[in-house]
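Keeping the supplied structure of chain S fixed, place chain X upon it in accordance with the hints.
In order, the protein sequence lines correspond to chains S and X.
Here the first sequence is numbered in this note's numbering, starting from 1 and rising by one per residue.
Here the second sequence is numbered in this note's numbering, starting from 1 and rising by one per residue.
The hints are simulated quantities; they were obtained by calculation from the structure and are not laboratory data.
Because the structure is a prediction, the values reported are computed rather than measured.
Each residue gets a CB set at the ideal place from its N, CA and C atoms; glycine is no exception.
Keep in mind that a hint or two might mislead.
Here are some of the chain S residues that sit facing chain X, going by a computed Cβ distance under 8 Å [said to hold, decoys possible]:
1) 16
2) 19
3) 31
4) 41
5) 42
6) 48
7) 52
8) 94
9) 100
10) 101
11) 103
12) 105
13) 107
14) 108
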Amino acid sequence: DVKVTQSSRYLVKRTGEKVFLECVQDMDHENMFWYRQDPGLGLRLIYFSYDVKMKEKGDIPEGYSVSREKKERFSLILESASTNQTSMYLCASSSGRDRPSPLHFGNGTRLTVT
Amino acid sequence: AQTVTQSQPEMSVQEAETVTLSCTYDTSESNYYLFWYKQPPSRQMILVIRQEAYKQQNATENRFSVNFQKAAKSFSLKISDSQLGDTAMYFCAFLNNNAGNMLTFGGGTRLMVKP
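This is chain S alone, in the form it adopts within the complex:
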């Protein structure tokens, strides 16, 4: 079974802090994604990556950056956290070889910025 692991289930940070959300997958997937989940808005794509050191902006990249130094790890970075970034963050991965390839999700990180 594919496992996508997010390093923290809950996180509380202060405004202006630099925040790192880590995601690791164990199935050698090429594709990795970061989504943000808010009530009534569903999941919105922040950034995605199809390969190591490669990144593409999603629908709402402002205020975020990402890093993919290794194939299995995809990090989401909030350079200077703000209260409007309080949300649930979901990481997902999928195979680049299959079309379409089902997304496999982590359990999410609920981030609160105070």
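This is chain X only, laid out in the frame that chain S set:
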């Protein structure tokens, strides 16, 4: 760009009964896939069912089935014989097969199955 709309923020159903969740989408593409994902209180997103746009036959997975109306751009999920474990958020999602592997999600429907 694609949009996905779920018009029912919350629904409830009695155990053992049938419920239908609505989803509409807007696209100019012809080659796409549609999905329903379930997110129980554990927060783990689980793929429930998927439909290829080129297939006319509606997909079915055990108690879950879809009503895919391509011309109307409608993709509803029917859950038969509802169980308490079906209580969850349900998300409809769209994949443009010509634009990588990115999903566009609807806003979600919270389903409560009552005993």
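**Study point:** residue 100/S as an interface hint toward chain X, with CB separation required under 8 Å
**Key:** holds (5 Å)
**Study point:** Status of the hint placing residue 107/S at chain X (closest C-beta pair under 8 Å)
**Key:** This hint holds: residue 107/S lies near chain X, its Cβ roughly 5 Å from the closest one there, short of 8 Å.
Review point. Should the interface hint for residue 101/S be scored as holding, given a Cβ-Cβ cut-off of 8 Å against chain X?
Key: With Cβ-Cβ at 6 Å, under 8 Å, it holds.
**Study point:** residue 103/S as an interface hint toward chain X, with CB separation required under 8 Å
**Key:** Holds - the Cβ of residue 103/S comes within 8 Å of chain X, reaching about 6 Å at its closest.
Review point. Would the stated hint for residue 108/S survive a check requiring a Cβ distance to chain X of less than 8 Å?
Key: holds (5 Å)
Check your understanding: Would the hint on residue 31/S stand, with a C-beta cut-off of 8 Å toward chain X?
Key -> Constraint on residue 31/S satisfied, holds at 5 Å.
Point to revise | residue 42/S as an interface hint toward chain X, with CB separation required under 8 Å | key: Holds, about 4 Å.
Review point. With 8 Å as the cut and Cβ atoms as the points, is residue 19/S at the interface with chain X?
Key: Given a least distance of 19 Å, the restraint on residue 19/S is violated.
Exercise for review: With a cut-off of 8 Å on the beta carbons, see whether residue 41/S makes it to chain X.
Suggested key: Holds, because the Cβ-Cβ distance from residue 41/S to chain X comes to roughly 6 Å (cut-off 8 Å).
Point to revise | Hint check: 8 Å Cβ-Cβ cutoff, residue 48/S to chain X | key: Status holds, d = 6 Å.
Review point. Does residue 52/S pass the interface hint, meaning its C-beta sits closer than 8 Å to a C-beta of chain X?
Key: Given a least distance of 16 Å, the restraint on residue 52/S is violated.
Review point. Can the hint on residue 94/S be confirmed by a CB-to-CB distance to chain X that is less than 8 Å?
Key: Since the shortest Cβ distance to chain X is 5 Å, the answer is holds.
Hints 1, 2 and 7, counting from the list given before, are not met by this structure.
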